[in-house]
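Novice: So the protein lines, in turn, are chains A and B.
Residues in the first sequence are numbered consecutively from -8, following our numbering.
Residues in the second sequence are numbered consecutively from 15, following our numbering.
No lab work stands behind these hints, which were simulated from the structure alone.
Don't take every hint at face value.
Using 27 Å as the maximum straight-line C-alpha spacing, the simulated DSSO-like pairs for lysine-lysine come out as follows [as the list claims (entries may be wrong)]:
| # | chain 1 | residue 1 | chain 2 | residue 2 |
| --- | --- | --- | --- | --- |
| 1 | A | Lys231 | A | Lys66 |
| 2 | B | Lys83 | B | Lys53 |
| 3 | B | Lys83 | A | Lys352 |
| 4 | A | Lys197 | A | Lys54 |
| 5 | A | Lys66 | A | Lys54 |
| 6 | A | Lys352 | B | Lys53 |
To list a few chain B residues with every Cβ distance to chain A over 10 Å, as calculated [stated by the list, open to error]:
| # | residue |
| --- | --- |
| 7 | Met28 |
| 8 | Arg45 |
| 9 | Leu62 |
| 10 | Asp76 |
| 11 | Ala85 |
| 12 | Ala88 |
| 13 | Arg89 |
| 14 | Leu139 |
| 15 | Asn148 |
| 16 | Leu153 |
C-beta atoms are modelled at their ideal positions from N, C-alpha and C, and glycine is treated no differently.
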Amino acid sequence: MASGSPPSAQPASSGHPYPPGEYPIVIVGSGPGALQASYFLSRLGIEHAVISGDAGAGGMFRKWPFFQRLLSWTKPYAPPERDSREFERWDWNSLLALEPEWRGIATEFMDGTSDFPSRPLMQANLEAFAERTGVAVRYGCRWESTRHEDTPDGERFVLVTSDGEYRCRFPIFAVGVAEPYSPATPGIELAVHYADTRDAETYAGKRLFIIGKQNSGFELATGLLQWASRISLSSPSPAKTSIETRSLVGVRARYVQPFEDSILGGGVDILSASTKGIRKLESGAFEVQLERSDNAMPMTVEADEVIAATGFVCPLRDLPALGVATFGQSKLPAQTEFWESASVPGIYFAGTITQGSAGLKKHGIPSNSGALHGYRYNARVLVRELARRHFGIQPERPTIDVGDLRDHLLAEATRAPELWHQKAYLASVVSLDPDEGVRDEGILPLTHFLDAGGGDAVAMTIESDGASIYPVVYVRRGGRQEEHALDPDPLHDFEGLPYRRALGQILDRLTAGAASTAA
Amino acid sequence: MATRDEIADAIAGMAIFVDLARPQLIGVASRFEEAFFPKDARVLRQGLTGSGFYVILDGEADVVADGQKLATLARGDFFGEVSVLLGEPPTADIVATRPMRCIVLGGPDVEGFLVDHPRVMFRMLQASARRLRNANRRLTASQ
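The task is simple: from the sequences and hints, build the whole structure.
Specialist: So this is what it looks like as C-alpha cells:
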C-alpha cells in the first residue's frame, strides 16, 4: 500500500454524497467491510461511491448480536502500543488505518466491563472510524437489481437503486451474510427466527425449543437461562466448542454455560436430532417432531416457543441470475483468491462475505474471513490488487538487505497481525530476483503465492493443525515449491536462536551466493 | 446447491454412500461442508500438508502428478483420503477442469466419520482395492 498517497477528494460524510451516475467502483454496504474497502480506496486516490440501504454505519452491528455483546475481543492494555501494527493482534474490533491517530479506535469504546465490547459500543466504534477518516456513504440508498451492459467505453455493471442507477466497472458487494434463513421444515412458520427474538423477559417461565446449535442458538440459550423454564437445543450433529476445534468454528467459550447446565441436568437439553416438523397443539403449545441422529428413532419435544437459530444467507438479490455462482447453506458467492466472483469477472466482494474465498483450509481449519479481524486485511489486499490490476497503481515493494531476510521473516511470524488472524490464508511474501534483489512484496493470499507461479520467493505464514500454532515457510525456487513447518513455541516467540538457525538453513539454499543468513 | 436436504439428495446413490439411509445421508450432509472450485483451480496440491477428504457432487478434475495427468475424476468420485489416512501430503495435484462442487471433510475429522459410518469405510476400502487392482493390471501390461 502506497501509504504516502493523498486521500481522494470525496464528499463529506455528512449530507447525501455520491448521487447516481458513473463511478469506477461502487461499494454496496456500510458495514465494516464496506468502510474498510472505501477507506483504502480513498487513501490510494481511487474514485468510488459507497451506497447503503441502512440509515448509518455499522451493518449487522446495528442490530445484532441480540444479547448485545460481541464475540470478538479488544484488549486495551496489551503489550504493544495502540497505534502499532502489532497491537492489531489484540484488537479484533478496530478497522485498519494508515494514520496512527485512527488506529485502535475500538479501545476508546471499551468500558472496562468486558474485553468483548457491547453492540452499541461496537456501532459507535465503526461510526467514529467513518467520521474521523472521512469515509462517506450514501445512506438510505437501497440496491435493488443489477444488470451487465456492453458500452462503447467497455463493460459496465449497472446497479439499480432506490435513488437511481449507478454504473461502474467494478462493483464491490459488502452486503454481509445477513438475510435470515429458515429450512423448509414442515411447520417452520410456527417458529420465530433468531432475527425476530423478543425481549428476554417475555420468555419468563416458557419452555423453549431452539433449532440450531451454532453460536446464535447458544447465544439465545445463554441469555435466556435465567428466564426460560426449560431450554432444548437441537441439530443433527453434535455441538463442538471453539476450544475443541481450536478455531472460530464451534460454539464460543462465552456460550459454554448451557453445556454445563445440560451435563449437570440443569434444565437444558442439547440434542442431536433432525427437526422433521412442528405442529401446534390444542393447548397452544408446540410439538417439535425430531429424528434422533444416533438411532434414527422419532421423538417429540413439547415447547411454548420455537426459535429457529438456523443462520443467515447472503442477500445477493439477482447476482446469481447474472451468473454469480454460490455455494453452501449461507449461499456464499464462490470467489477467487482476490475475492472476485469465480464465475463473473469484475464483481468483487468485501466484508464477511469474503469467507466465500475459502483458501486452503489446512487441517480443516477455516480462515477468519467471516470476522472483522480477518476481513479487514482481505479488504486491504483486495484494494491493493484492484489498484495494481485496474488502475495502474503499483504497490510499494521495499528492498530488504539479504542479511536481514531471516530476521524480517521471523519478526513477521511472531508479530504480523495479518498472519495471526488469517492463518494459512494470508502470507508475508518476499521475492528474490537476481536483478532487483530482495523485495518485500507485502501481505498476499497464500493460494496466490502457491498457484500464480513466478520467480524465486519465500512466503511466511502462521498455521494451526488443531493442536499447535507454528510458522510455515513456503519456498519457491526454480519453479518448484517446498513447504517447511517450523516447530511450535509455547510462548509463540519465533525469533530465538533455534528459529534463526532453522530458517537460516532453509534460506541459505535460496540465497546461495549472497551473504549467509544462517546463525 | 445449499441445504442439507439438497446435499443429501445429491449424494444419495453415490457408490460410497449407497448403503446409507436417508437420516444418515442428512447426517453426512451436516458433517461435510460444500465447496466450489472454478475451472483451473487447484483443489489439492502435491506435497502440501493439511488436506481433506473430498467427494465430487458436480464437475470434473484431473489428477496430475509431476505435471503428468494420471486420471480424470467426476461426480461420485472421491479424493484426498489416501493423504488423510496416511497423514502424508498428497502425491498429486487435483485440478478442476471445469467448475466443480464438492463436499469436504477436514482431515482431522475423517477418522471419526469413518468409524461412525463403517459402511462408508467398507465402500472406500472397496474403491481403494479396485484402484490397486487396476494399477497392478497396468503395471503387468507394461512389463
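Novice: Regarding the pair lysine 83 of chain B and lysine 53 of chain B, is the alpha-carbon distance no greater than 27 Å?
Specialist: holds, 16 Å
Novice: With d taken as the least Cβ-Cβ distance between arginine 89 of chain B and chain A, does d exceed 10 Å?
Specialist: holds, 16 Å
Novice: May I ask you to check that arginine 45 of chain B keeps its beta-carbon over 10 Å from the closest beta-carbon of chain A?
Specialist: Non-interface label on arginine 45 of chain B violated, nearest chain A Cβ at 6 Å vs cutoff 10 Å.
Novice: Please check whether the beta-carbon of leucine 62 of chain B is more than 10 Å away from every beta-carbon in chain A.
Specialist: About 6 Å separates leucine 62 of chain B from the closest Cβ of chain A, which leaves it inside 10 Å; violated.
Novice: Taking 10 Å as the cut and beta carbons as the points, is alanine 85 of chain B off the interface with chain A?
Specialist: Non-interface label stands for alanine 85 of chain B: nearest chain A Cβ at 21 Å, farther than 10 Å.
Novice: Verify that the Cβ of aspartate 76 of chain B lies farther than 10 Å from every Cβ atom of chain A, and report whether the claim holds or is violated.
Specialist: Answer for aspartate 76 of chain B: holds, closest chain A Cβ roughly 15 Å.
Novice: Has the given pair, lysine 231 of chain A with lysine 66 of chain A, been kept, meaning a C-alpha gap of at most 27 Å?
Specialist: Judged against 27 Å, a Cα distance of about 26 Å means the pair holds.
Novice: Grab the minimum beta-carbon distance between leucine 153 of chain B and chain A and tell me whether it stays above 10 Å.
Specialist: holds, 28 Å
Novice: Under the criterion that the straight-line Cα-Cα distance not exceed 27 Å, is the pair lysine 352 of chain A, lysine 53 of chain B satisfied?
Specialist: Given that 27 Å is the threshold and the Cα spacing comes to 19 Å, the pair holds.
Novice: Assess, step by step, whether the Cα of lysine 83 of chain B is no farther than 27 Å from the Cα of lysine 352 of chain A, and give holds or violated.
Specialist: holds, 25 Å
Novice: Over 10 Å from every CB of chain A: does methionine 28 of chain B meet that, or does the non-interface label fail?
Specialist: holds, 18 Å
Novice: Given the hint that lysine 197 of chain A pairs with lysine 54 of chain A, does the C-alpha gap stay at or below 27 Å?
Specialist: Within the cut-off at roughly 24 Å; holds.
Violation of the numbered hints given earlier is confined to hints 8 and 9; the remaining hints are satisfied by the structure.
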